[in-house]
Amino acid sequence: MSPQMNFSIGDKSGKPTIKDSGVNVIYFTNRCNLACTYCYEELSGRPKQVLSKEQLRNSVDLILEREPEDTQTLFVLFGGEVTLEWENAVYMMEYAYSKKKQVHFNISTNGIKFLDDDFIKEYKKLKFNLLGLTSLDISFDGVGNSERITHSGKDSTNTMIQIFKKLNENLVKFRIRYTIHNLNINKAYEDITLISKTFNPQRIITSVAWDKLSKEEIEYLNKVKDMLRFDWQNGNILIPICDLFCDTCDGCGVRKDIKTYFTDEGNVTTYGNLESAPKFNDFKTKE
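Counting from 147, one number per residue, gives the positions in the sequence shown under our numbering.
Possibly wrong hints are sitting among the right ones.
The calculated lysine-lysine pairs, modelled on DSS-like cross-linking and capped at a C-alpha distance of 25 Å, are [said to hold, decoys possible]:
hint	residue 1	residue 2
1	361	402
2	311	273
3	343	259
4	271	300
5	199	245
6	199	246
7	273	319
8	333	371
9	245	402
10	358	371
11	199	270
12	361	371
13	369	333
14	273	246
15	246	271
16	312	259
17	273	247
18	194	300
19	270	300
20	194	259
21	369	358
22	259	245
23	402	246
24	319	270
25	267	312
26	270	245
27	343	371
28	246	194
29	199	300
30	271	259
31	333	273
32	343	270
33	319	267
34	273	245
35	319	402
36	369	343
37	259	246
38	247	402
Treat the hints as calculated values from the structure; they're not laboratory data.
All figures in this text were calculated on a predicted structure; none of them were measured in a lab.
Please model the complete structure; the sequences and the hints are all you need to start from.
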């Protein structure tokens, strides 16, 4: 079963922000160019949200105020789909870097924007990429990817295969985020093995849609973990398969105790950085 969370709703609960180094998620927009059927965000019917530059500066300032000066601060650029607000994303990185040099920017994306060759070139030339201060996480769920569809209902799988090919041809480093749910759990072992050998990501980061899995499927998931661990130890898999918990080791090198979300309403969510997060809600009233 999904572990219990030390979960609070930031400013909305009246609870103070935890004074500690954390995984700091900037929620740039609730708009997305995919319509995944199992999306872990509650976006349906909510008004458009896009952070202003002032809100971005305020979020960065609040984060840096809490973070120790002598440790690396980890920012996760997130949505919706963050690349739809790329100008704002670059602005936020520039502002944060002007305030503190010991930072890392983790870009969490569905990858669709990287189908555009010009965008690949722009990312490659990004100052923070050249400085080694970015990591790129792209979502892909193997046989379950048929649920990652466009707003017109088109399966995104063939598009994603093209994107991974383009990224490898352009020597862009990336990681793949593989969400385990009821439509791919029975093929998760085969999927992850094939992805590791076909698309050449730096690592595969696994997460779990716990509410989609039965008790029997969760038991099978534990067997999948054991099989993947065995393959890693015996050299059958040559890239790391992150083990269903903290996914930020490339960014910060240490385990973060908390995870925070910053939207246009400030710090809306804070919880312990354990195995699984609750569904994210942008707390907007439905239209």
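Against the structure, the hints come out as follows:
Taking the CA atoms of residue 361 and residue 402, the gap is about 29 Å. The hint is violated against a cut of 25 Å. A threshold of 25 Å between alpha carbons decides the hint, and for residue 311 with residue 273 the separation of about 23 Å falls inside it, so the pair holds. Between residue 343 and residue 259 the alpha-carbon distance is near 24 Å, which keeps this suggested pair within the 25 Å criterion. Using a Cα cut-off of 25 Å, the hinted pair residue 271 and residue 300 is violated, with the two alpha carbons roughly 31 Å apart.
A hinted pair counts as satisfied when its Cα atoms are at most 25 Å apart, and residue 199 with residue 245 qualifies at roughly 15 Å. For the hint linking residue 199 to residue 246, the alpha-carbon distance of about 18 Å falls within 25 Å, and the restraint holds. A distance of roughly 15 Å separates the Cα atoms of residue 273 and residue 319; the hinted pair therefore holds under the 25 Å criterion. With a CA separation close to 13 Å, the supplied pair residue 333 and residue 371 stays within the 25 Å bound.
A distance of roughly 21 Å separates the Cα atoms of residue 245 and residue 402; the hinted pair therefore holds under the 25 Å criterion. Restraint check for residue 358 and residue 371: satisfied, since their Cα atoms lie roughly 18 Å apart, inside the 25 Å limit. Annotation: proposed proximity of residue 199 to residue 270 holds, straight-line Cα distance about 24 Å (limit 25 Å). For the given pair, residue 361 sits about 16 Å from residue 371 by alpha-carbon distance, which is consistent with the 25 Å threshold.
At most 25 Å may separate the alpha-carbon atoms for a hinted pair to count; residue 369 and residue 333 meet this at roughly 12 Å. With a CA separation close to 15 Å, the supplied pair residue 273 and residue 246 stays within the 25 Å bound. Of the supplied pair hints, the one linking residue 246 and residue 271 holds, its CA atoms being roughly 21 Å apart against a limit of 25 Å. For the hint linking residue 312 to residue 259, the alpha-carbon distance of about 12 Å falls within 25 Å, and the restraint holds.
For a cut-off of 25 Å, the pair hint linking residue 273 to residue 247 stands: about 13 Å separates their Cα positions. For the given pair, residue 194 sits about 23 Å from residue 300 by alpha-carbon distance, which is consistent with the 25 Å threshold. Straight-line distance between C-alpha atoms of residue 270 and residue 300 comes to about 29 Å, which puts the hinted pair past the 25 Å bound. Distance restraint check for residue 194 and residue 259: the Cα-Cα separation of roughly 20 Å lies within the 25 Å cut-off, and the hinted pair is therefore satisfied.
As the CA atoms of residue 369 and residue 358 are separated by approximately 18 Å, the hinted pair is consistent with the 25 Å bound. Restraint check: the Cα-Cα separation between residue 259 and residue 245 comes to about 29 Å, which exceeds 25 Å; the hinted pair is violated. For a cut-off of 25 Å, the pair hint linking residue 402 to residue 246 stands: about 19 Å separates their Cα positions. Restraint check for residue 319 and residue 270: satisfied, since their Cα atoms lie roughly 10 Å apart, inside the 25 Å limit.
Between the alpha carbons of residue 267 and residue 312 the distance comes to roughly 11 Å, so the proposed pair stays at or under 25 Å and holds. Between residue 270 and residue 245 the alpha-carbon distance is near 23 Å, which keeps this suggested pair within the 25 Å criterion. Between the alpha carbons of residue 343 and residue 371 the distance comes to roughly 17 Å, so the proposed pair stays at or under 25 Å and holds. A C-alpha spacing of about 31 Å is found between residue 246 and residue 194, which places the hinted pair above 25 Å, so the restraint is violated.
With a C-alpha separation of about 34 Å, the suggested pair residue 199 and residue 300 falls outside the 25 Å cut-off, and the hint is violated. Of the supplied pair hints, the one linking residue 271 and residue 259 holds, its CA atoms being roughly 16 Å apart against a limit of 25 Å. Taking the CA atoms of residue 333 and residue 273, the gap is near 39 Å; set against the 25 Å cutoff, the hint is violated. Among the hinted pairs, residue 343 with residue 270 is consistent with the structure: their alpha-carbon atoms are about 24 Å apart, no more than 25 Å.
For the hint pairing residue 319 with residue 267, the CA-to-CA distance comes to about 13 Å; that is within 25 Å, so the pair holds. Note on residue 273 and residue 245: the hinted pairing holds, with a Cα-Cα distance of about 16 Å set against a maximum of 25 Å. Taking the CA atoms of residue 319 and residue 402, the gap is near 23 Å; set against the 25 Å cutoff, the hint holds. Between the alpha carbons of residue 369 and residue 343 the distance comes to roughly 21 Å, so the proposed pair stays at or under 25 Å and holds.
A C-alpha spacing of about 28 Å is found between residue 259 and residue 246, which places the hinted pair above 25 Å, so the restraint is violated. The straight-line distance between the Cα atoms of residue 247 and residue 402 is roughly 19 Å, inside the 25 Å bound, and the hint therefore holds.
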